[in-house]
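Trainee: From first to last, the protein sequence lines stand for chains A and B.
Read left to right, the first sequence gives residues 68 to 450 (the numbering used here).
Read left to right, the second sequence gives residues 1312 to 1627 (the numbering used here).
Keep in mind that the hints were calculated from the coordinates and are not lab data.
Remember, predicted model here, so these are calculated numbers, not experimental data.
Take the hints with a grain of salt, since some may be wrong.
[Claimed, not checked] Footprint (simulated), chain A over chain B, 3 or more residues, beta carbon under 8 Å:
1. 1471-1481
2. 1557-1566
3. 1606-1614
C-beta: ideal position from N, C-alpha, C; glycine also.
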Amino acid sequence: MTRYVLRRLVQIVITFFLFQTLTFFLLYAQPGDIANQYLLNPNLPPDAAERLRQELGLDKPPHLQYIQYMKNFLTGNLGVSFTNYPRPVIDIIKERLPRTLVLFFTATIISFYVGFALGKVLAWRRGGLFEYGVTVVGVTLYTVFTPWFALMMIWLFAYKLNLFPTGKFVTPTLWQNAPVDANTVFGRMIYTGILGSVVAFVVYLLVRRLPPPTRNMSGILAVLAGLLGMVIPWVQSPLARYAVDILWHMVLPILTLTLISFAGTMLLTRNSLLETMREDFILAARAKGLPEKVVRDKHAARTALLPVVTSLVFSLAFAIDGGVITETMFSWPGMGLTLLNAVVQEDIPLAMGAFSFTGILALLAHLAADLLYAYLDPRIRYS
Amino acid sequence: MSDASSVTVIHRPLWRVRLELFWKSVRANWALFVENPIGVIGLAIILFFALMAVLHPILMKTVWDPTVYDPITGYDFEILRHPAPPSARHLLGTDPLGRDVLSQLMYSTQTEFILGVVAALITVTIGTLIGALSAYYGGVIDTLFMRLADLVIMLPFISILIVLSALFKLNMLKLALVIGILSGFGGVTVIIKSQALSIKVKPYIEAARVAGGGDWHIIVVHFIPNLLPLSFLYMMFTVTSAIFSEAVLSFFGLINIRMSWGIMIHTTQTAGYLLNVGQYWWLVIPAGLAITLLCSAFYLVGRALDEVVNPRLRRR
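With the hints as extra help, turn the sequences into a complete structure.
Mentor: This is the structure:
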């Protein structure tokens, strides 16, 4: 197992190096550079663009720039963003990556639960009108033209019903006199989120040891305890209203992402469950006289969970890429929006930084999915 | 069965026997496909859009005056304010530049079909060929293409397309080529290769080799025909992703296409009517719905084909 992980890590480093090289030269090959953005500015002297190029090192031949970039990257220096000069790239990523991850993580977890529950029902009631209806609606949402769908959601919930803001991260008027900035509050929200999840997990483990009538409610009790664990630290805090403001801005993007992605889990669960149901141990469970619900939830669904969980891990890897569309539509200042702007404005260091993190996320998720697979299914052994 | 009839079977030319066998399997698979209403719904939507694509040039020749109804250069001078709401003259109204929305919608259908089919054909050609080659030869070829697939799967698809759009000034065919190559070398190859691996160990491959069949003969005659059903299935999913990608890039205004559903929404956005969906619904709803419906139709057909191709999903 250790040897397998080590070998995979070596492969990951090589793949990542190739990925870096590919994206660097793709970005570099774009016509023009950042200095072009200033050519039309009448207040700048004509040689300003040339001087800017020299200062940023853009006048050097591409292979030298590439070697310089890789050297800096290996020492942990991602450079300075051109468009947010002189802010370091790593600083911008530190600020924006959590925003994207929180958005996608929440949406993925919700859509996973919804999708898994629906997928189980679909497989069990195969061939009914219910299955066809849910599948057609699910697939339509899954393949929906995302920018258009986000727009419809904004129009309906923010514009017509006036329930949620139309986009952005915070309400500026509320934050004018705020004692701290949004990033601090958001950081604390992430910590309480983690705290709540830990509390929920501990409560779940404890309740499961109790006798049956209480044990059956372990899921509900765990969720309640987790929510309490998230809310209690904020009750007395003067920052609570700011946290609520950020949460209020998160609802609509998360709702949209959940609606778009739940069908993926649902359809995968259905197929996986249909394949599992042909196995002999399901026949054995039925022959033992177990109730259908127990066969479905305890015997079939657990086995069918395998590919679903790995695809869940994998889908998180593409959070930044998916964020390009969603974050643009909701003006959510996360990594996706940053990547799009950096690419369009030819801010090469920032775009490279964003691409690097996309690559790292994808590679680590790939590895995590493989390891999780071996952990969940004892039949799989890596050597 | 009598002896006489089996003799007549043998005397029929080989191509006729093959054709009849092919026709028989098509009919059997069609029966399996029709059993599932999901695929039939998808197919109906695709046929509806195909009809729209075919009708457009006919309407332009007969009923619609090109100076008014041309999807790109048309302008209706008889209406004073554009965008105009739907009327008998313009069934889906006009866009901010005074062009007929229905005509644009129907014209774009042709483009989407061409894009989708070209991208899908490129994807499955690459995917099937490379999948078959890496499964058959193994070793260095296999490692090389599988690591390449890992790299391609890792690429953030939409972001890379945005970078490429700045690089190449993508038009329809170039976009189809890029999407086809990117998805062909990626996930499709891996799936087709694993299918090809299961074919490699079948007894008839051994028999073909013993009978003196060369590498190329075995790949072309035995591997590829057995991989085609799976390739066909992934064609459907590629069409969905191609149409979707084109719409996203057009929506951001990044590609060089004269008219498409994505461009229609982009035009609405640049003219500033985007958040006025309630008042100017005909500028946003038809195009967005068309993209969504056609994408989901191909996806539904793909799902239904999956149940035909994958025996583990069939009903008992």
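Trainee: Take the hints in turn and mark each one as holding or not.
Mentor: Here's how the hints hold up against the structure:
Only residues whose C-beta sits within less than 8 Å of a C-beta in chain A count toward coverage, and the stretch 1471-1481 of chain B has 6 of them, enough to reach three; the restraint holds. Coverage of the stretch 1557-1566 of chain B by chain A holds [criterion: at least 3 residues with CB-CB distance below 8 Å; count 4]. Counting residues of the stretch 1606-1614 of chain B whose CB lies closer than 8 Å to any CB of chain A gives 5, which reaches the minimum of 3, so the coverage claim holds.
Of the numbered hints given earlier, the model fails none.
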